[in-house]
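Student: The residues making up each chain are set out below.
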Amino acid sequence: MPPPPVVTGLSPIEGPPGTRIIIRGENFGTKSSDLIGLKICGCDCLLSAEWKSPNKIIARSGPGKGKGDVIVTTRLNGVGTCNVSFKGYHETIGPMKESAVWVEEAPLFVWGRHSLSPGSYQQEDPLGLSVEGNDKKFPEDDLLELFPNATGDISSENFSACWFLLENHHCTSFNDLQAGLLHLRRKVEGQKEGQLSFLKANVGSVMDQADTIATLMDKFEKDASVYGSESTRKLEKSIKESEREARKLFDDVLTRRDRAEKTRNALNVLARFRFLFCLPCVIDRNIRKGEYDIVINDYTRVKNLFNKSEVPVFKTALSEIEKRVVGLQKMLHDKLQKMPIPIEEQKRLIRYLVNLDAPYEPAWDAIRSYSNYINLRFKQCYEEHKAGENAVAEELCKMKNSQSASKYSKFNSSYDSLNAVPENILFVEDLCQLLSELFPDLWKLGQSYFTGELHANVEVGHQANFKNIVMTIIDLFCKTLRSAVIPHTLDKNADKALVGAWTIPDIDIIALWLPVCLRYIRSTYKILIKLDLPSEALDIISTFILDFKLYCMSVLLKQTTEQVRQLSSQENWKIEFAGTHSGITELPIEFEELVQTVIRLIKESVLTTEQREISLLENANAQKELDKQVETLLSSFYSVLKSLAFQDDESGYNEDHSPVVSQLIGTPITAYRNHDANNHIPIWECRLLTTLSNCQYTNNTVLVHISRSFTMNGYSLSKLAIENVKTKFTSLEKALLDAYLEHKSDPLVGTIEPSMYLGRFDWDTNNIPSDIRPYAKECINNLIHVHSEVYTVSPSLVESVLPQVVQTIAEELFRLMSCVKKFSLAGIQQARADICALQEILLPYSTPKAKTFFNDALDIIPSLEKSSSTIIEDILKQVRVRMRLQILCLSSSALNGPVIT
Amino acid sequence: MSKKPVTQPALHKVIMVGSGGVGKSALTLQFMYDEFVEDYEPTKADSYRKKILLDGEEVQIDILDTAGQEDYAAIRDNYFRSGEGFLCIFSITEDESFQATQDFREQILRVKNDENIPFLLVGNKCDLEERRKVTYQEASDRAKQWGVTYVETSAKTREHVDKVFFDLMREIRARKMEENKTNNGRGKDKNKRKKIKCVIL
Ligand SMILES: Nc1nc2c(ncn2[C@@H]2O[C@H](COP(=O)(O)OP(=O)(O)O)[C@@H](O)[C@H]2O)c(=O)[nH]1
Ligand SMILES: [Mg+2]
Numbered sequence: 001m002p003p004p005p006v007v008t009g010l011s012p013i014e015g016p017p018g019t020r021i022i023i024r025g026e027n028f029g030t031k032s033s034d035l036i037g038l039k040i041c042g043c044d045c046l047l048s049a050e051w052k053s054p055n056k057i058i059a060r061s062g063p064g065k066g067k068g069d070v071i072v073t074t075r076l077n078g079v080g081t082c083n084v085s086f087k088g089y090h091e092t093i094g095p096m097k098e099s100a101v102w103v104e105e106a107p108l109f110v111w112g113r114h115s116l117s118p119g120s121y122q123q124e125d126p127l128g129l130s131v132e133g134n135d136k137k138f139p140e141d142d143l144l145e146l147f148p149n150a151t152g153d154i155s156s157e158n159f160s161a162c163w164f165l166l167e168n169h170h171c172t173s174f175n176d177l178q179a180g181l182l183h184l185r186r187k188v189e190g191q192k193e194g195q196l197s198f199l200k201a202n203v204g205s206v207m208d209q210a211d212t213i214a215t216l217m218d219k220f221e222k223d224a225s226v227y228g229s230e231s232t233r234k235l236e237k238s239i240k241e242s243e244r245e246a247r248k249l250f251d252d253v254l255t256r257r258d259r260a261e262k263t264r265n266a267l268n269v270l271a272r273f274r275f276l277f278c279l280p281c282v283i284d285r286n287i288r289k290g291e292y293d294i295v296i297n298d299y300t301r302v303k304n305l306f307n308k309s310e311v312p313v314f315k316t317a318l319s320e321i322e323k324r325v326v327g328l329q330k331m332l333h334d335k336l337q338k339m340p341i342p343i344e345e346q347k348r349l350i351r352y353l354v355n356l357d358a359p360y361e362p363a364w365d366a367i368r369s370y371s372n373y374i375n376l377r378f379k380q381c382y383e384e385h386k387a388g389e390n391a392v393a394e395e396l397c398k399m400k401n402s403q404s405a406s407k408y409s410k411f412n413s414s415y416d417s418l419n420a421v422p423e424n425i426l427f428v429e430d431l432c433q434l435l436s437e438l439f440p441d442l443w444k445l446g447q448s449y450f451t452g453e454l455h456a457n458v459e460v461g462h463q464a465n466f467k468n469i470v471m472t473i474i475d476l477f478c479k480t481l482r483s484a485v486i487p488h489t490l491d492k493n494a495d496k497a498l499v500g501a502w503t504i505p506d507i508d509i510i511a512l513w514l515p516v517c518l519r520y521i522r523s524t525y526k527i528l529i530k531l532d533l534p535s536e537a538l539d540i541i542s543t544f545i546l547d548f549k550l551y552c553m554s555v556l557l558k559q560t561t562e563q564v565r566q567l568s569s570q571e572n573w574k575i576e577f578a579g580t581h582s583g584i585t586e587l588p589i590e591f592e593e594l595v596q597t598v599i600r601l602i603k604e605s606v607l608t609t610e611q612r613e614i615s616l617l618e619n620a621n622a623q624k625e626l627d628k629q630v631e632t633l634l635s636s637f638y639s640v641l642k643s644l645a646f647q648d649d650e651s652g653y654n655e656d657h658s659p660v661v662s663q664l665i666g667t668p669i670t671a672y673r674n675h676d677a678n679n680h681i682p683i684w685e686c687r688l689l690t691t692l693s694n695c696q697y698t699n700n701t702v703l704v705h706i707s708r709s710f711t712m713n714g715y716s717l718s719k720l721a722i723e724n725v726k727t728k729f730t731s732l733e734k735a736l737l738d739a740y741l742e743h744k745s746d747p748l749v750g751t752i753e754p755s756m757y758l759g760r761f762d763w764d765t766n767n768i769p770s771d772i773r774p775y776a777k778e779c780i781n782n783l784i785h786v787h788s789e790v791y792t793v794s795p796s797l798v799e800s801v802l803p804q805v806v807q808t809i810a811e812e813l814f815r816l817m818s819c820v821k822k823f824s825l826a827g828i829q830q831a832r833a834d835i836c837a838l839q840e841i842l843l844p845y846s847t848p849k850a851k852t853f854f855n856d857a858l859d860i861i862p863s864l865e866k867s868s869s870t871i872i873e874d875i876l877k878q879v880r881v882r883m884r885l886q887i888l889c890l891s892s893s894a895l896n897g898p899v900i901t
Numbered sequence: 001m002s003k004k005p006v007t008q009p010a011l012h013k014v015i016m017v018g019s020g021g022v023g024k025s026a027l028t029l030q031f032m033y034d035e036f037v038e039d040y041e042p043t044k045a046d047s048y049r050k051k052i053l054l055d056g057e058e059v060q061i062d063i064l065d066t067a068g069q070e071d072y073a074a075i076r077d078n079y080f081r082s083g084e085g086f087l088c089i090f091s092i093t094e095d096e097s098f099q100a101t102q103d104f105r106e107q108i109l110r111v112k113n114d115e116n117i118p119f120l121l122v123g124n125k126c127d128l129e130e131r132r133k134v135t136y137q138e139a140s141d142r143a144k145q146w147g148v149t150y151v152e153t154s155a156k157t158r159e160h161v162d163k164v165f166f167d168l169m170r171e172i173r174a175r176k177m178e179e180n181k182t183n184n185g186r187g188k189d190k191n192k193r194k195k196i197k198c199v200i201l
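The listed protein sequences derive, respectively, from chains A and B.
Going by full-length UniProt numbering, the first sequence opens with residue 1, and the numbers climb by one from there.
Going by full-length UniProt numbering, the second sequence opens with residue 1, and the numbers climb by one from there.
So that you can see chain A by itself, here it is in the shape it has in the complex (with noise of 0.2 Å):
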């Protein structure tokens, strides 16, 4: 606690009631509202008491008596201390003399008779000693007490020589006292012996006196023969007739003297409740200074000095008083209620208008008009942009009215509407700001209110409405959220028309703002979490962010989905070597950076669970979305790819599907027919292989990136998700396969046979064989274009394409034996050295069932003699030296890598 003030000094130091005084000294508060008693010699003069800085108090002395301390109390300090005294005293007041108080008619004649006491003994002493020097006085008080009813005066019946001794003498030695008490005895025996002696030394005057009583009986009689023995009578009746006159005459002056002592008791009056009489004005000053502590200050005291007063002029100066205090509240209740106004303001407000006794519940119209105000805002602020949203609009349709007056501006205008962000995301993010902004001050108002921080009553029934108050805010707030972005969740008939719809962009553009929403939306909701609002509060906000979330998912996901689907354009059949998985084209690879964006964005952006939020795949309905939308995303590749190879034909492309193999029957072999050098896109074939090759690496690789990024990233994909998009490319693959191999093994295959008999040849030839026949050798090559074809795209695909194709030639060869009615010798040995060196040169791409078919057509033809099997042997040998190169390209160590030729 502060020191206590503590006075030091005082001007003057004594006076009579009503004296003003400046009292010095320290600690005296630091306004003059921290002054909060004063006592003058144990009289309350607060009223009196005008605070001048911190050491300086000017007030009036009050109507204490005798010796008395100044204590000063503030509030802060307390009760205070006092090094100096004031004295009280009474002075004689006549009708001519001015005096600041009350003055009481009986005691006027006690202090009268008192003020003459002293004095009229001065000039000499009973005991003949000097008073000279009796510095000392003996105080007054403790003789009236040492002698109660008695005086020192000495002409009064009550005299005490105690008194009188101990009054006036008791610094007197005892020697002086003696010496006094002789020189009285002296003064006494002299009074007495001094009779006779006195009538001798006045013998002269004693006869005078004696002849001035005879004259005065001679008089007497004389005039009592002359006016009657009634003298007296007569005396007595003009006595009473002057009386008379003399009131007559007076009248006039005693009731003027009347009047002006009413008067001045009046001006009394006046001037000591000039503070009551001020009031109004000071109070309209101090209103007009907006100085309304010092207004509520004099109200209080005023009202606690006057309330229960009866009379009739304060009670007019209180009700003048009343009526600008109303007047006030009022005001300051208007005030209160204009918003904005910061919190701060509207508590001082409220504490004006509490502390004033306001016939309102301040505390409660402040946050009435604060969520109206809050509501006014949202509604403001939804028109705002909607305006923006309504011309917007208006500019697109005025640019396509103009289109054909300029084509540029066209171009531009679309191209800022791309940039331009969205209306309703403008919306969004003003909203949340506009209640990250307000709801706080809300909310801190109700609980000050509540608390009972700002000494307003709390009605019954208000924290209820408060809370609704609260809630109907934190709903609407979100419905108006849901309404700009996420308007499918809303409660079609009861909310659309509470909160107004929107135009939602493209989803092209609104995937790109929402994560920015999100973030807006968090941190509204970050700050109404450290309000601690009611969980009931909250949870709407958690829901809206969990459905906001989930949508937002969604969005990313169907714009990912969409932006894959546009790969389709994207892809430029470039084959690229590099790494293992050579033979792709870059359209896989960025599809796979597609998703894996699309899976980082979500997760940075919606899978994060931040305070008090509901986690997105916790939610079975979140969860059901996702799988749904990335089985979505996924199989849209596997759309891009299948439409890539197969549905090339629709987009206005005209191709001869003709088998490319080369037949002995006449037309000349073009490996890659005649198109458009400008078209880059691949002949057909080439087109299956790439995508083929793509669907495998998508399949085995991509899917599987994917899934673990999926896994990785916390996302809690269902398996079968994944399962089902792998079933799809598995089947494309097939399909792709099947495609490529009906379309280069059927004809190939179907040439076979033409060939064998071209020139009508028949297996009963007589011709002696020297080789292999053509047929077999052009089988060979159309088999090695196969291969290149292939390998060109991918080598990994060879395995899969040629053991097919060389097992369908196995069988057709197998068929062909089997279908032949007669073998001459030589037919045997040709028919042998053929399917040998076909066995031979096929081996490294046969399955078994070729091997089988293989050995089944051997089986079929005639077994020969040993002699005549080696002219086989000798073909075989010459067909491995002249066909070396084809042998090379179908040898199994090409698989491992490239062929040079």
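Hints are supplied without guarantee of correctness; some may be wrong.
[Stated by the list, open to error] Here are the computed lysine-lysine pairs in the DSS-like style, where the Cα-Cα straight-line distance is at most 27 Å:
hint, chain 1, residue 1, chain 2, residue 2
1, A, K67, B, K44
2, B, K51, A, K39
3, A, K219, A, K240
4, A, K56, B, K51
5, A, K65, B, K50
6, B, K50, A, K31
7, B, K44, A, K87
8, B, K51, A, K31
9, B, K13, A, K87
10, A, K330, A, K289
11, B, K156, A, K52
12, A, K87, B, K51
13, A, K56, B, K44
14, A, K39, B, K50
15, A, K87, A, K67
16, A, K240, A, K222
17, A, K56, B, K163
18, A, K728, A, K642
19, A, K87, B, K50
20, A, K56, A, K289
21, A, K56, B, K50
22, A, K479, A, K624
23, A, K851, A, K822
24, A, K39, B, K44
25, B, K51, A, K67
26, B, K112, A, K67
27, B, K50, A, K52
28, B, K44, A, K52
29, A, K56, B, K156
30, A, K67, B, K50
31, B, K44, A, K65
32, A, K39, B, K13
What the hints contain is simulated information worked out from the structure, not anything from laboratory work.
Only a predicted model underlies this, so the values are computations on that prediction, with no experimental measurement involved.
Go by the hints and put chain B with the ligands onto chain A.
Tutor: Chain B with the ligands in isolation, oriented as in the chain A frame:
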């Protein structure tokens, strides 16, 4: 008085005397509160008391600021009796006030009946050098004659304000110590004897 505890620090009673308007109140307020009052408001009798450190010892100073005016002269004697030391102030800008110091000195000596009463002659308003009417020499001659110190002060600039109060208090303290010694040694003071006036018939 009887209520106050015995452990109170020594109390030194100082009385400010001098004609009206020379700056008695101004000096007092400057010393007590470091404030300078411009307006002139005649004093009746003001009292100030606070604790201060005098050469490291805590003492209380009690200052009685008196009226310089004739109207109040009647009550003056009473106040003088209680004083233990006097600051006799005049204004160096006003010769009349300097002359008046003679009367004040006599009055004090009459009431206190003591030639060696702690006493300082103070020439105030020394900041108003250009309006000086009383020379330093004149004033210090008079002080020498009385056997007291002469100091020039300014209540406005606070020059020598602390000095006059502290010097006077030192004198008072020295005086009291001396008195204690003689009191212990010789008992009652002779000076306080009453004279007897003999009345002869
Ligand atoms: N310039 C100046 N004015 C002073 C000084 N001391 C007092 N005054 C002024 O003289 C006037 C009288 O001072 P005051 O202290 O009331 O005189 P008192 O009657 O002796 O108490 C006031 O207006 C003061 O402002 C001083 O040292 N210099
Ligand atoms: Mg003064």
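Student: Within 27 Å, alpha carbon to alpha carbon, are B:K156 and A:K52?
Tutor: holds (21 Å)
Student: What's the verdict on A:K728 and A:K642, does the C-alpha distance respect the 27 Å limit or exceed it?
Tutor: holds (10 Å)
Student: Next pair to validate is B:K13 with A:K87; report whether the Cα-Cα distance is within 27 Å.
Tutor: holds (18 Å)
Student: What's the verdict on A:K56 and B:K50, does the C-alpha distance respect the 27 Å limit or exceed it?
Tutor: Answer holds: A:K56 to B:K50 is near 15 Å, not above 27 Å.
Student: Tell me if the straight-line CA distance from B:K51 to A:K39 falls inside 27 Å.
Tutor: The hint holds at about 22 Å.
Student: Given the hinted pair B:K51 and A:K31, is their Cα-Cα distance within 27 Å?
Tutor: holds (25 Å)
Student: With a cut-off of 27 Å on the C-alpha distance, tell me whether A:K56 and B:K44 pass.
Tutor: holds (18 Å)
Student: For a C-alpha distance cap of 27 Å, please report whether A:K67 and B:K50 respect it.
Tutor: holds (19 Å)
Student: Between A:K87 and A:K67, is the straight-line Cα distance small enough, at 27 Å or below?
Tutor: holds (4 Å)
Student: Are the Cα positions of A:K479 and A:K624 separated by 27 Å at most?
Tutor: holds (24 Å)
Student: Check whether the Cα positions of B:K44 and A:K87 lie no farther apart than 27 Å.
Tutor: Holds. B:K44 to A:K87 sits at ~13 Å (cutoff 27 Å).
Student: Has the given pair, A:K240 with A:K222, been kept, meaning a C-alpha gap of at most 27 Å?
Tutor: holds (24 Å)
The structure meets every hint from the earlier list without exception.
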